[in-house]
Amino acid sequence: MDLFKIVLILTTISAMLMVFSLINLFKASKLLKSVKSLSEPTIYEKKIRLRKRYLVFTAICEDKISKNSLEKSVESKMIEYYGKSMVNKASPYLVFFDETSQRGIYRIVHLYLNFLIATLGLVKIIDGKKCVLIPLKTTGTLKKAHEILRKIRY
Amino acid sequence: MFSDIYVINCSDRYIEIAIKMKYSFLACIKILGEFSIEKKNLRFMKKLIIETDSINELKDVLRRIDYKNNLITVHPLSITVARWCVHDSRIDTILMTIKNIEIFDKKQLKMMRNYGKPVEVSMKDLLTDDSKLRGMLYRRLNLLVKYDVALTIGTGANDSYEIFHPLTIIMILNTMYDMPIKRAMLALTDNPRQLLYRKQGGNLGSI
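Line by line, the protein sequences give chains A and B. Heads up, the first sequence is in this note's numbering, so the first residue is 1 and it goes up one at a time. Heads up, the second sequence is in this note's numbering, so the first residue is 1 and it goes up one at a time.
Hints listed in this document are in silico derivations from the structure and should not be mistaken for laboratory results. No residue lacks a Cβ here, since even glycine has one placed at the ideal position from N, Cα and C. It is possible that part of the hints are untrue.
[Claimed, not checked] Here are some, though not all, of the chain B residues that point toward chain A, as calculated from beta-carbon distances under 8 Å: (1) Ile19; (2) Leu109; (3) Met111; (4) Asn114; (5) Val145; (6) Phe164; (7) Ile169; (8) Met171; (9) Asn174.
[Stated by the list, open to error] Estimated spans, in silico, between C-beta atoms of each pair: (10) Leu127/B - Lys72/A: 30 to 36 Å; (11) Gly83/A - Asp60/B: 46 to 52 Å; (12) Ile181/B - Asn68/A: 54 to 60 Å; (13) Leu127/B - Ala28/A: 42 to 48 Å; (14) Ser85/A - Lys30/B: 42 to 48 Å; (15) Asp88/B - Lys67/A: 49 to 55 Å; (16) Ile79/A - Arg198/B: 42 to 48 Å; (17) Asn56/B - Asp127/A: 37 to 43 Å; (18) Leu17/A - Lys110/B: 32 to 38 Å; (19) Lys124/A - Lys30/B: 41 to 47 Å.
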């Protein structure tokens, strides 16, 4: 009977040791993997090519507005809501603005097009005059944007 | 195609710009001037906003008004009113503003989902300058998306220059509040359309 007890105790101890060793092995394999990943050269993601987008828009205002005042107010609103760093990355630029028809073309990096469209909605006062800026169409080339500007009737 | 369910003053100029922006349904508190509605293929509805913090007062007002031909919005200022509004079929939307934003908790939103009651948010509140309030709105709007509660957006425009282009509203919701574009689209198109559908007893007509 005593012998049986001793055998039972020994088997339980050995089983426990087995479990511990398995856990340690698992941990060791994880550690090995992390060490290996350190030694391997890091793979950088492929850099996205920044493309330009041209946004054709129109302004409906109380009185006619100038190109400079429009550009200033759009940029200030963008800084106010999205921050200076975002504006630097997006680099919005008013390529063309016809002061008679109150239509223009904005250029921006394709990743930030949504931000520009949202900003056009946020601008409500330009040079002390109440205004609504309406995005009309987006294109990939300036030539097409000019074509749209000529054709579109709003 | 697009709907603006919260306009304070619908003037002729406002309607002219709204047609240009392809709005097809407007809910106005005041309709100013005479405008040929049928010609322009734009639909109107009178909107009533009831702001209250007691259920009895709300019941009293609902008894007196013509809720069948008007779009009824309740601006609840207490939790009890907000909970009660959810299961009353006379009420079309529940307005969420900066004043009552704390009422809209998980329980309220779950109830609203179960009863199919939409939340209405005004653009004026979405563009508040207070960053703390904007953070609260951010969390609430994302909870709405999570719990699949219908959302409707109104501009809350007083004059014609306070109107927003639908695309800009969608992009504002997407960039400032991280709302998926599809859900933002629904807030301007399908959700208000369903409200109108329910109001007209399943007859949408030309819309």
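Review point. Is 42 to 48 Å right for how far apart the beta carbons of Leu127/B and Ala28/A are?
Key: Taking Cβ atoms as reference, Leu127/B and Ala28/A lie about 56 Å apart, which means the hint is violated.
Review point. Hint check: is the beta carbon of Phe164/B less than 8 Å from a beta carbon of chain A?
Key: holds, 5 Å
Exercise for review: Please verify that hint: Met171/B, Cβ, nearest Cβ of chain A, below 8 Å or not.
Suggested key: holds, 4 Å
Check your understanding: Do the beta carbons of Asp88/B and Lys67/A sit within 49 to 55 Å of each other?
Key -> Holds: the Cβ-Cβ distance is about 53 Å, inside 49 to 55 Å.
Review point. Does the hinted range 32 to 38 Å hold for Leu17/A and Lys110/B at CB?
Key: violated, 51 Å
Review point. Can Ile169/B be said to touch chain A, with a Cβ gap under 8 Å?
Key: At 7 Å from the nearest chain A Cβ, Ile169/B passes the 8 Å test, so the hint holds.
Exercise for review: Given the range 42 to 48 Å, decide if the beta-carbon distance of Ser85/A to Lys30/B lies inside it.
Suggested key: At roughly 43 Å between Cβ atoms, Lys30/B and Ser85/A fall inside 42 to 48 Å, so the hint holds.
Review point. Is the distance from the Cβ of Lys124/A to the Cβ of Lys30/B consistent with 41 to 47 Å?
Key: Taking Cβ atoms as reference, Lys124/A and Lys30/B lie about 21 Å apart, which means the hint is violated.
Exercise for review: Could you see if the CB distance from Asn56/B to Asp127/A stays within 37 to 43 Å?
Suggested key: violated, 51 Å
Review point. Would the stated hint for Val145/B survive a check requiring a Cβ distance to chain A of less than 8 Å?
Key: Given a least distance of 18 Å, the restraint on Val145/B is violated.
Exercise for review: Classify the hint on Asn114/B as holds or violated, based on whether any CB of chain A lies nearer than 8 Å to its CB.
Suggested key: violated, 33 Å
Exercise for review: Please verify that hint: Asn174/B, Cβ, nearest Cβ of chain A, below 8 Å or not.
Suggested key: holds, 6 Å
Going through the hint list in order, the structure does not satisfy hints 1, 2, 3, 4, 5, 10, 12, 13, 17, 18 and 19.
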